[in-house]
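Hey, can you work out the whole structure from these sequences and the hints?
So the chains spell out like this:
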Amino acid sequence: MSMKRRLLAVLAGAAVVATAAVTAASGAPAADPGITSTSIKIGGTFPLTGVASLYKTIPAAEKAYYDYVNDHGGVNGRKIDFTILDDAYDPSKTVPLAQQLVEQTKVFAVVGSLGTAPGLATWSYLNRNKVPQVLLATGDSYWGFSYKKYPWTTGWQPDYPGEAKVYGKYIAANMPNAKVGVLYQNDAYGKNYYAGLRVGLGAKKGNIVDAESYDATAPNVTQQILSMKSKGADVFVVFATPTPTITSLVTATKVGWTPTATFINNVSANRLFLLAAAGNGANVDGIISTTYTSSSTTQRSLAGVKLASSILDQYAPALKASFDRGDANIIYGFGVAWTFVYALQHAGKNPTRASLMKALRSLNTGANPFVYPGIRLKTSAKDNFPIEQEIMIKWGGGATGDWTPFGKLLGPIR
Amino acid sequence: MNARFAGRLVVIAAVALVIALLPFGLTNYHQGLGARVGVYFIAILGLNILTGYTGQISIGHGAFMAIGGYTTAIMSHDHGTNLIATLPLAFAITFVCGLLVGVPALRFSGVYLALATFALAVSVPQLPLKFSKFTGGSNGIRTATAPGNSWLYGVTWACAAIGFVGAWLLLRGRTGRAFRAVRDSELAATSSGVALPIYKTLAFGISAAYAGVAGSLFVLATAGFAQPNEFGIILSLEILIGAAVAGLGSLWGVVVGAVFVGLLPEISASVPVLGSGHGQDVVFGLIVIAVMILLPNGFAGLLRLVESRFKTPIESDSTTS
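The listed protein sequences derive, respectively, from chains A and B. Just so we're aligned, residue 1 is where the first sequence starts under my numbering, counting upward by one. Just so we're aligned, residue 1 is where the second sequence starts under my numbering, counting upward by one.
You may find that some hints are simply not true.
[Unchecked claim] Below, a list of computed lysine to aspartate or glutamate pairs in the EDC-like style, where the Cα atoms sit at most 16 angstroms apart: (1) Lys149(A) - Asp402(A); (2) Lys133(B) - Asp215(A); (3) Lys179(A) - Asp215(A); (4) Lys63(A) - Asp81(A); (5) Lys106(A) - Asp81(A); (6) Lys130(B) - Asp215(A).
Hints listed in this document are in silico derivations from the structure and should not be mistaken for laboratory results.
What follows is the structure, encoded as structure tokens:
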């Protein structure tokens with residue numbers, strides 16, 4: 001019996017010691033989360049692995065830009081400390097990671113997190129906790145439209161339905177008798193695009209002969225492509241993330257389907273991805289898309305492209321090769337990071353979360369060197385869409401080709 | 001026997017006191033982790049009733065957690081139901097689901113039953129994708145409101161306490177004896193008048209109901225967000241691992257099993273060299289193997305070992321067997 005008591009005493013003692021240790025380790029909470037006179041902590045979630053991992057150069061480029069800014073004195077003397085977490089484009093992983101950023105890392109703001117479904121998953125959590133969820137790397141229109149209910153959230157890039165409208169209008173005007181086949185991702189991301197396309201087609205929306213969806217984690221899209229082929233579609237519209245887009249282009253060629261025109265969305269219209277598709281046998285000539293960033297291959301003389309190139313040389317040499325081959329995600333990352341730094345500079349000498357949001361809600365600048373020449377970043381109390389201009393591009397030159405812009409800068413596309 | 005019982009009560013009181021006082025010394029983030037451990041505690045407790053006490057293996061408890069979790073998410077999202085009120089509802093719904101699963105499971109045993117429950121774990125989380133209008137599909141669904149971490153910690157461990165006392169009362173009585181009889185020998189149990197179908201399905205129902213409540217709390221701990229991928233096969237395996245680490249057929253190790261699966265992934269990421277950069281699963285796996293080699297009967301087995309060192313083994317114990 002006394003032995004038993006002794007055992008109990010030992011166990012209870014151990015528990016108390018463990019409690020004390022955990023308590024000591026936890027420390028006191030900071031009064032102003034994530035910001036001091038010399039530093040500002042921000043973070044974001046990105047698919048470094050998994051189905052959408054082709055986007056992983058975005059956070060790497062952002063980090064390089066912040067490092068560059070830090071070495072040039074930071075923003076009002078504050079160095080930007082950027083935490084990158086991998087959610088593998090899986091919204092069920094994004095939520096705990098966002099909790100980690102807010103509750104453990106104690107970030108000032110979540111900046112540039114990637115993905116529509118991940119963004120939606122963390123939307124209410126971050127807004128409830130009044131944590132800025134800004135410059136999201138997703139073009140869904142939610143971020144722009146819902147600013148009253150979700151005042152702590154902003155997007156950055158042109159909205160997807162607006163982009164889809166561009167394709168719809170183009171098809172209606174230039175291919176009035178087209179039989180349109182649409183492949184879209186079976187979630188909010190793909191459905192928003194599809195809805196925008198129908199609006200853009202207007203009276204011609206009856207020309208859609210087949211609309212096929214696929215799940216983000218599906219291994220292939222062969223069934224869907226075969227269905228479009230069998231229904232006689234001659235215009236192919238793809239609203240997917242990069243890997244499925246490449247797969248669908250390759251699959252279409254493999255099954256012997258040769259649509260007269262193919263449209264892919266901006267996020268998949270990275271030169272690297274088209275080269276990959278062509279390298280795997282896809283017919284890529286004549287594919288149409290849109291862009292709003294500078295090209296690191298065809299616009300090398302632009303100041304922004306030169307700056308990006310020199311920053312990469314110094315801070316992220318590993319990215320340089322893909323930049324030179326035209327990885328649009330790198331210049332995209334620079335554009336986002338530039339916008340955050342710009343907003344921070346305009347958020348007062350001692351920025352608060354609220355003053356950062358105010359700065360992002362009153363953008364009006366054509367100075368972002370990384371976006372397509374002529375594009376202005378503009379927001380107001382009632383307009384929460386920073387970029388609303390795009391230009392159409394067409395691929396030529398096959399497996400060694402590139403994009404060529406055509407027409408004039410469109411916008412506001414919404 | 002009485003002294004032994006008193007000793008046990010002291011241990012329980014001490015552990016309960018530590019759990020009750022812990023949040024006052026924890027940061028918000030660590031309270032969230034503590035709540036997560038509580039969720040595993042409830043699920044492991046439930047699995048232990050089925051696997052440890054009744055001898056029916058399940059690697060499908062993630063499916064019941066999904067049902068419980070979606071119950072909470074849908075009730076709150078669509079009907080604005082109070083979050084606490086969704087917990088008994090999840091309990092009831094998963095209890096019925098568990099009974100239903102228990103019926104076909106009567107025909108299986110051993111590895112065949114394990115495979116059948118595995119199928120459950122794989123298929124149930126796909127249902128929300130099928131009925132995406134109702135469940136949000138791969139976008140997931142969010143509760144109308146979501147609680148803070150201290151709320152979560154309190155509610156989760158309150159549920160855990162109720163669940164623990166409930167399980168203890170159930171297992172020390174007539175039903176518990178019947179469960180153990182089924183586990184030890186179905187033939188002997190039947191010939192002693194234990195109605196196999198009733199007790200097997202009952203064990204499935206109760207066990208599933210625990211998992212259902214755990215699933216509800218799991219969703220609340222994930223900022224009120226339910227999405228199919230949260231309830232993958234890994235979750236079912238984590239609960240099974242937790243139950244094995246805790247020690248099957250005993251309630252005394254459950255808290256250790258819960259801490260093990262609740263905190264180890266967090267810790268193993270910080271193991272130098274091996275754990276960094278996606279290595280945490282490797283570390284987790286290695287530690288599980290090591291624990292299984294060193295503690296084949298789980299933490300409860302270790303406790304029994306320590307107990308027997310401290311005194312001559314004369315008492316035969318009816319509750320821990």
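Hint check:
Only pairs whose Cα atoms come within 16 angstroms are accepted, and Lys149(A) paired with Asp402(A) is rejected, the gap being roughly 42 angstroms. A distance of roughly 15 angstroms separates the Cα atoms of Lys133(B) and Asp215(A); the hinted pair therefore holds under the 16 angstroms criterion. For the given pair, Lys179(A) sits about 24 angstroms from Asp215(A) by alpha-carbon distance, which is inconsistent with the 16 angstroms threshold. Distance hint between Lys63(A) and Asp81(A) is fulfilled; the C-alpha atoms sit about 9 angstroms from each other, no more than 16 angstroms.
For the hint linking Lys106(A) to Asp81(A), the alpha-carbon distance of about 12 angstroms falls within 16 angstroms, and the restraint holds. The hinted pair formed by Lys130(B) and Asp215(A) meets the criterion: a straight-line CA distance of about 11 angstroms does not exceed 16 angstroms.
Checked against the numbered hints given earlier, this structure breaks hints 1 and 3; the rest are met.
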